[in-house]
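Enquirer: Work out the full structure: start from the sequences and follow the hints.
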Amino acid sequence: MQRLRYFSEVITLELDEAKCNHCGMCVRVCPHQVFEIIDKKVRIIGRDFCMECGACRMNCPQGAISLDAGNGCGCAAGIIEGAFKGKDVSCSESSKSVCCN
Amino acid sequence: MEAIGQKCGCGNSNQPVRLELRTTEEKCPWITNENVEAKSTKHFIIGHIQASEWQVPQISTKLIWRDYLGVLMVRWGFKRNNYRVDPGLYAVGSPNEYSDVLVTANYKLTFDIVRKNLGGMNVWLLVLDTKGVNVWCAAGKGTFGTNELVRRIQLTSLEKIIIHRRLIIPQLGATGVAAHRVKQQSGFTVIYGPVRASGIRLFIESGYKTTKQMRLVSFSIYDRFKLIFNDIRYDLRYLLPLFIILAFYSGIHLQGYSVVQAFSRIPILTIILLAGYVSGVVLTPLFLPYIPTRNFSFKGFMMGSIVSIFLIIGDLFGNNTIENVAGIFFVSSFSSFLAMNFTGATTFTSLAGVKKEMRIAIPMQIASVFIAFVLMIIDTLIISG
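So the sequences go chain by chain: Z and U. Numbered per this note's numbering, the first sequence spans residues 1 to 101. Numbered per this note's numbering, the second sequence spans residues 1 to 385.
The reader is advised that the hints may include incorrect statements.
Below, simulated BS3-like cross-link-like pairs (lysine-lysine); rule was C-alpha separation at most 30 Å, straight line [what the hints assert, rightly or not]:
no.	chain 1	residue 1	chain 2	residue 2
1	Z	K85	U	K79
2	U	K226	Z	K85
3	U	K141	U	K226
4	U	K79	U	K62
5	Z	K85	U	K183
6	Z	K85	U	K209
7	Z	K19	U	K212
8	U	K141	Z	K85
9	Z	K40	U	K209
10	U	K42	Z	K41
11	U	K212	Z	K41
12	U	K183	Z	K40
Pulled from the structure, derived: some chain U residues nowhere near chain Z, Cβ distances all over 12 Å [claimed, not checked]:
no.	residue
13	Q55
14	K62
15	S99
16	K212
17	L242
18	F243
Not everything, but these chain Z residues come out facing chain U in the computed CB check (under 10 Å) [to be verified]:
no.	residue
19	H22
20	M25
21	C30
22	G54
23	P61
24	G70
Simulated from the structure, these hints should not be mistaken for laboratory data. Just so it is clear, CB atoms sit at the ideal spot from N, CA and C, and this is done for glycine as well.
Expert: Now the structure itself:
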C-alpha cells in the first residue's frame, strides 16, 4: 500500500550528530521509519514522513533530537476548538472530535 | 494511603480484593458516577490469580456481544469519553513471576483489542490510567507517560509479583514514555513492542524482535472506514445551523422577504448541504490516498466539486447556471472544511503542517462561501428582475 504523507517542508526535526551515540532508540520508536541505521550510524532517511509525534525525542537518552512542536499529532478540529477556548490546541476530554478515539 | 490489598472502602462487599494502593485523592471506583459504566462492563473478569499475597483479576480473551455493542456505540460517538476499565494489574491465562508484563491504556476499546489478541498466552496486563483515551493520543497528552507508568508500577507492587524487570510497552506509547527515565525511576527496562496488538504474540515468540512492518503505522481504507461514523455524528453540529441560515437567506428578494420562496428552495438546500457533508465526512476520508495533493482542505474541495458536478449531471442541483455555480462553491467549501477536520483522525499529520494548511484554507473557505452567497443574490435579482 502506498504510504500517506503530509507537508514535509514545515518539519523541524533535527538530529545533532555530535550528541548522538547511535543507540538506535529513535529507529525503534518512530512509527514512520524516518530513521535508519546505516553503517552503524543513525541517519534520517524519511524526513518526508515525519509527523513530529515526538517519540524519538522523548526516548533519546542523549538529547540529540530536537523538534519545535510538542508531542502528538496535528488536528484541525482541536485547533478550532482551542481557538474558541483561548488555547493553542484543545483536545480535552470533553472534545468529541474523532481524534483521540 | 490505605494498606495494600485492602477491600475497597465503598462498602460493596461483593467486590474482590483490589490490588492497588489507593491514595486519598483517588476516588473509590465503585461509587463514583463515572464508573457506573465500568461496573456494568466487569464481565471480562473471569476469576482471580493468586500472586504473592495479592489476588489479581483474571480476564477473558474472548469478546462477547456486549463488547461488540460497545464498539458500535463508541464508533458512533456515544459515551466515548467514558468507555473505560479500571486501571491496575490484570492476569491473562495463568501468569507467574516469570511472565511478561504488557502495558496498555484504560480505554475499553483498546483494552478489548489487546485481550482479544492474547488468547492462550500467560501474561500480565498493566493498565495505565489514561482517562479513557487510547495509547497514542494519551501518549501525546502525556497521560500514557513515564510518570503514570512509574506510579502504576508502585501502586500495583509489580516488583513483588514478578522476578524479572521487563515491561513491554506498545510502540506508540513512546511519544509519552521515556524508556531511559523509566529505568532510572523504577529499575524496570522498557521494551517497545509492535504498533498493533495483533503483533504481540509473534513479537514475544520471536524473542522481542520486531519486523519493519510491525513498527510502521498504517492507515488502511478499513481504518479510515471505522473512523467516519464518529465524524458523521460529531459534525451534525454544523448541519442544522447552516440549514437555518441558508433557509432564511433563500427567502430574501428585491421586494423584501418571501417565505414561499424560502420554502420552495428547501429541497435544493437539503441536497446541497448533504452533498457537502457526505463529500467531506465520508468520501474524502475514504478516498484519501487517491485524491491528489497532501492538503486535506484541497482534497475536500476537489471531492465537493466532483460530487456537485455529478449532481448537476443528474439534474438534482440548481435551476440555472448561476445557481449551479453557487452550489459548487458552497458544497466544495463545506466539504473542504469538514475534510480538514479529519486531519486529527489520521496517523500522519503534524501539528505544524495542519496550522500551515489552516492559515490558507480557512480564508479560502470563507471566500468561497461568500462567492456562493453573492451568486445567490445575483440569481435572485435576475429572477425577480
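Enquirer: Next, verify each hint and record whether it holds.
Expert: To see whether the hints hold, each was checked on the structure:
Taking the CA atoms of K85/Z and K79/U, the gap is near 23 Å; set against the 30 Å cutoff, the hint holds. As the CA atoms of K226/U and K85/Z are separated by approximately 29 Å, the hinted pair is consistent with the 30 Å bound. The suggested pairing of K141/U with K226/U holds, with an alpha-carbon distance near 23 Å, which does not exceed 30 Å. A hinted pair counts as satisfied when its Cα atoms are at most 30 Å apart, and K79/U with K62/U qualifies at roughly 22 Å.
Between K85/Z and K183/U the alpha-carbon distance is near 38 Å, which puts this suggested pair outside the 30 Å criterion. For the hint pairing K85/Z with K209/U, the CA-to-CA distance comes to about 44 Å; that exceeds 30 Å, so the pair is violated. With a C-alpha separation of about 26 Å, the suggested pairing of K19/Z with K212/U holds against the 30 Å cut-off. For a cut-off of 30 Å, the pair hint linking K141/U to K85/Z stands: about 17 Å separates their Cα positions.
Restraint check for K40/Z and K209/U: satisfied, since their Cα atoms lie roughly 18 Å apart, inside the 30 Å limit. For a cut-off of 30 Å, the pair hint linking K42/U to K41/Z is broken: about 49 Å separates their Cα positions. A hinted pair counts as satisfied when its Cα atoms are at most 30 Å apart, and K212/U with K41/Z qualifies at roughly 18 Å. At roughly 24 Å between alpha-carbon atoms, K183/U and K40/Z fall within 30 Å of each other, so this suggested pair holds.
No Cβ of chain Z comes within 12 Å of the Cβ of Q55/U; the nearest lies about 31 Å off, and the non-interface call holds. No Cβ of chain Z approaches the Cβ of K62/U within 12 Å, the least distance being about 23 Å, so the stated non-interface status holds. Against chain Z, the non-interface label of S99/U holds: every CB pair exceeds 12 Å, the least being about 23 Å. With a cut of 12 Å on Cβ distances, K212/U falls inside the contact zone with chain Z, its closest approach being about 7 Å.
Listed as outside the interface, L242/U is consistent with that label: its C-beta sits roughly 16 Å from the nearest C-beta of chain Z, beyond the 12 Å cut-off. For F243/U, the non-interface assignment is confirmed: its Cβ lies about 20 Å from the closest Cβ of chain Z, beyond the 12 Å cut-off. For H22/Z, the suggested interface contact is broken, since its CB lies about 15 Å from the closest CB of chain U, more than 10 Å. Satisfaction of the interface hint for M25/Z is found here, the shortest Cβ-Cβ separation to chain U being roughly 7 Å, below the 10 Å cut-off.
The interface hint given for C30/Z is met, as the beta carbon of that residue sits about 8 Å from the closest beta carbon of chain U, less than 10 Å. Taking 10 Å as the C-beta cut-off, the interface hint given for G54/Z holds, the closest approach to chain U being about 5 Å. Interface restraint check for P61/Z: the shortest CB-CB distance to chain U comes to about 4 Å, inside 10 Å, so the restraint holds. Hint status for G70/Z: holds, given a least beta-carbon distance of 7 Å to chain U, under 10 Å.
The structure is inconsistent with the numbered hints 5, 6, 10, 16 and 19, although it conforms to all the rest.
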